[in-house]
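Read off the chains here:
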Amino acid sequence: MSQTVDMNVNLAGLALRSPVLTASGTFASGREFADFVDLERVGAVVTKGVSLEPWEGNPGPRIAETSSGMLNSIGLQNPGVEAFCANDLAWLSSVDVPVIVNVSGHTLPEYVGVVERLEDEPGVAAYEINISCPNVDAGGMAFGTACAPAEEVTRACRTVTSRPLIVKLSPNVTHITEIARAVEAAGADAISLINTLLGMSIDVRTFRPRLARVVGGLSGPAIKPVALRMVWETSRAVTVPVIGMGGISDAEDAVEFMLAGATAVAVGTANFIDPTSVIRITDGLAEFCRANDVERVRDLTGALRT
Amino acid sequence: MSDSSCAGHDAPPALERVEVVANDRITTGVGLIVLHAPRTAAAVRPGQFVHVRIGYGTPFILRRPFSVHRVRGERLEILYQVVGRGTRALAAATAGTQMDLIGPLGHGWDIPADVSHALLVAGGLGAAPLGMLAEELAARGVAVTVASGAPSEDRLLARDLFEAVARRVEVATDDGSCGTPGFVTGVCASLLADEALDIVYTCGPEPMQRIVASQAAAAGVPCQVSLERLMACGIGACLSCVVRTTEGLKKACVDGPVFDAAAVEWEPAERVPEH
Numbered sequence: 001m002s003q004t005v006d007m008n009v010n011l012a013g014l015a016l017r018s019p020v021l022t023a024s025g026t027f028a029s030g031r032e033f034a035d036f037v038d039l040e041r042v043g044a045v046v047t048k049g050v051s052l053e054p055w056e057g058n059p060g061p062r063i064a065e066t067s068s069g070m071l072n073s074i075g076l077q078n079p080g081v082e083a084f085c086a087n088d089l090a091w092l093s094s095v096d097v098p099v100i101v102n103v104s105g106h107t108l109p110e111y112v113g114v115v116e117r118l119e120d121e122p123g124v125a126a127y128e129i130n131i132s133c134p135n136v137d138a139g140g141m142a143f144g145t146a147c148a149p150a151e152e153v154t155r156a157c158r159t160v161t162s163r164p165l166i167v168k169l170s171p172n173v174t175h176i177t178e179i180a181r182a183v184e185a186a187g188a189d190a191i192s193l194i195n196t197l198l199g200m201s202i203d204v205r206t207f208r209p210r211l212a213r214v215v216g217g218l219s220g221p222a223i224k225p226v227a228l229r230m231v232w233e234t235s236r237a238v239t240v241p242v243i244g245m246g247g248i249s250d251a252e253d254a255v256e257f258m259l260a261g262a263t264a265v266a267v268g269t270a271n272f273i274d275p276t277s278v279i280r281i282t283d284g285l286a287e288f289c290r291a292n293d294v295e296r297v298r299d300l301t302g303a304l305r306t
Numbered sequence: 001m002s003d004s005s006c007a008g009h010d011a012p013p014a015l016e017r018v019e020v021v022a023n024d025r026i027t028t029g030v031g032l033i034v035l036h037a038p039r040t041a042a043a044v045r046p047g048q049f050v051h052v053r054i055g056y057g058t059p060f061i062l063r064r065p066f067s068v069h070r071v072r073g074e075r076l077e078i079l080y081q082v083v084g085r086g087t088r089a090l091a092a093a094t095a096g097t098q099m100d101l102i103g104p105l106g107h108g109w110d111i112p113a114d115v116s117h118a119l120l121v122a123g124g125l126g127a128a129p130l131g132m133l134a135e136e137l138a139a140r141g142v143a144v145t146v147a148s149g150a151p152s153e154d155r156l157l158a159r160d161l162f163e164a165v166a167r168r169v170e171v172a173t174d175d176g177s178c179g180t181p182g183f184v185t186g187v188c189a190s191l192l193a194d195e196a197l198d199i200v201y202t203c204g205p206e207p208m209q210r211i212v213a214s215q216a217a218a219a220g221v222p223c224q225v226s227l228e229r230l231m232a233c234g235i236g237a238c239l240s241c242v243v244r245t246t247e248g249l250k251k252a253c254v255d256g257p258v259f260d261a262a263a264v265e266w267e268p269a270e271r272v273p274e275h
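So the sequence lines, in the order shown, correspond to chains A and B. Just so we're aligned, residue 1 is where the first sequence starts under our numbering, counting upward by one. Just so we're aligned, residue 1 is where the second sequence starts under our numbering, counting upward by one.
In case anyone wonders, no lab produced these hints; they're calculated from the structure. Treat each hint with caution, since some may be false.
[As the list claims (entries may be wrong)] Among chain B residues calculated to face chain A with C-beta under 7 Å, some are:
hint	residue
1	Ile61
2	Ala232
3	Ile235
[Said to hold, decoys possible] Computed footprint of chain B on chain A, listed as stretches where at least three residues anywhere in the stretch have a Cβ under 8 Å from a Cβ of chain B:
hint	segment
4	32-42
5	61-68
6	71-79
7	110-121
8	139-145
Each residue gets a CB set at the ideal place from its N, CA and C atoms; glycine is no exception.
Model the full assembly from the supplied sequences, consistent with the hints where possible.
Okay, structure coming up:
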């Protein structure tokens, strides 16, 4: 008989049954994946970014495949927080899984407005403040690439909620640890990283960019080493827990992120390739622990030997 | 048949391991791959697609969407054009190769119950999703007329299939090597004038579909189009494949790929990907 691995983790006060979450924007609100995965086995569903008003997103083409990765420039298309509550959140309330809502905005009051509206909803476990989307003209990454605005938006959201506040950071900065310390000081309960890396791709037959918006965010296995390095740096720079993500495609990738210091991990682009990824990685992580006599998955966090 | 629509029968999509049975180049740049895929073959409806993982550990990571050309027992037949890394890898797959796919996906062709004569307009590889439709229409006793276009005679696709089930097949070739010289839209215009048609179904390059849609609208005949978009997930999550419609942005993967032509707000010509 193989021992049972304790897969529970505590993420900023949230008791999660598994450290494997979904990355915002790659899992919609979970419903689209219900044919492929048992959502009640997911650590938490992190929703697509939600804004105060409906956003149309960017013109197409919105994606381009690159070596071992993909660029996207979706532009946070979403129906706005009211429709999100009426449809996505209402549906998710029938599922026994913690829901972390990714919050987006063009301006500081928009971020605050989304959080305030969601405070009325009992089905929200935590917020992930998106200050790192590279695909919108105003807001998004503009808040996440300097300490002062990052701190400001974190503090503003902090004042309107006592729920766990996660801040999602951009890798498109010189020193990610400085931003991480700034949002921690402003009241973030956890930090998630990384969002996509700015990139571009050109179709040489037409001399045109492959994305209508020219530049977009790179994700997938191509970015994993960068993400892992930033998780390692950040987890040593702050005391709040870190959610690691960036190119996680299998259980060993998840183990790497936990060893580097992540308390939990999120699966993103892999959901597009294999819609069962989040459960495949959850099962693989438990199997890894069993095979390596790790009784509690949380014991992997920061266990890197250097 | 009490149900008037294909979509009413849609089975939930699933991940299926499949095996390549055969894979042959059939004309310049176009291949026909046969996959043993019993679950999907039993469930797929005309106009739906499968999202195929062509390789594992390859430098390209995403699946590729392909409409199902036709079904034979437990086998799916897919017509594909070699255009990039994914389809080059697909062309190299030999019998016995294991792959997996997600399917059946998308909203296929709607067949209204009162249709008695349908026109199918295929431009080049646009013949791919029309094969299964032609067979389904014929099986329901609907008269089928086909207009099929290609650069030259040797590049006309699905000729045998169309000739086996259609009452009338008209061909157009750019070089005049077969049928009417010129684009298939010319043939479409004369058929709309000649024949008493209840519905038009079309697939091909987007500028061609747009012309067919306007010809059908002018003739007062309903028209359905099958649109191609780059897509990542295929199941409605990534929002890559949006199509602008009179009812707002729709997803080609779940709301399409087949749309009522009257609802489509066509992209400006410069945005149409080159074929």
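Worksheet item: Taking the least C-beta to C-beta distance, is Ala232/B closer than 7 Å to chain A?
Response: holds (4 Å)
Worksheet item: Per the coverage rule (Cβ-Cβ under 8 Å, at least three residues), is the segment 61-68 of chain A covered by chain B?
Response: holds (count 7)
Discussion item. If you count the residues of the segment 32-42 of chain A with a beta-carbon closer than 8 Å to a beta-carbon of chain B, do you get 3 or more?
Written reply: Per the Cβ count (4), the hint holds.
Worksheet item: Do the numbers back the hint for Ile235/B, that is, is its least Cβ distance to chain A under 7 Å?
Response: With Cβ-Cβ at 5 Å, under 7 Å, it holds.
Practice prompt. Return the status of the interface hint for Ile61/B: holds when the least beta-carbon distance to chain A is below 7 Å, violated otherwise.
Written response: holds (6 Å)
Worksheet entry | Given coverage of the segment 139-145 of chain A by chain B, tested with a Cβ cutoff of 8 Å and a minimum of 3 residues | violated (count 0)
Practice prompt. Take the segment 110-121 of chain A, compare each residue's beta carbon with every beta carbon of chain B, and decide whether three or more fall closer than 8 Å.
Written response: violated (count 0)
Worksheet item: Mind checking, does the segment 71-79 of chain A have 3 or more residues with a CB under 8 Å from chain B?
Response: It holds, with 3 qualifying residues against the three required.
In this structure, the earlier hints numbered 7, 8 are contradicted, and the remaining ones agree with it.
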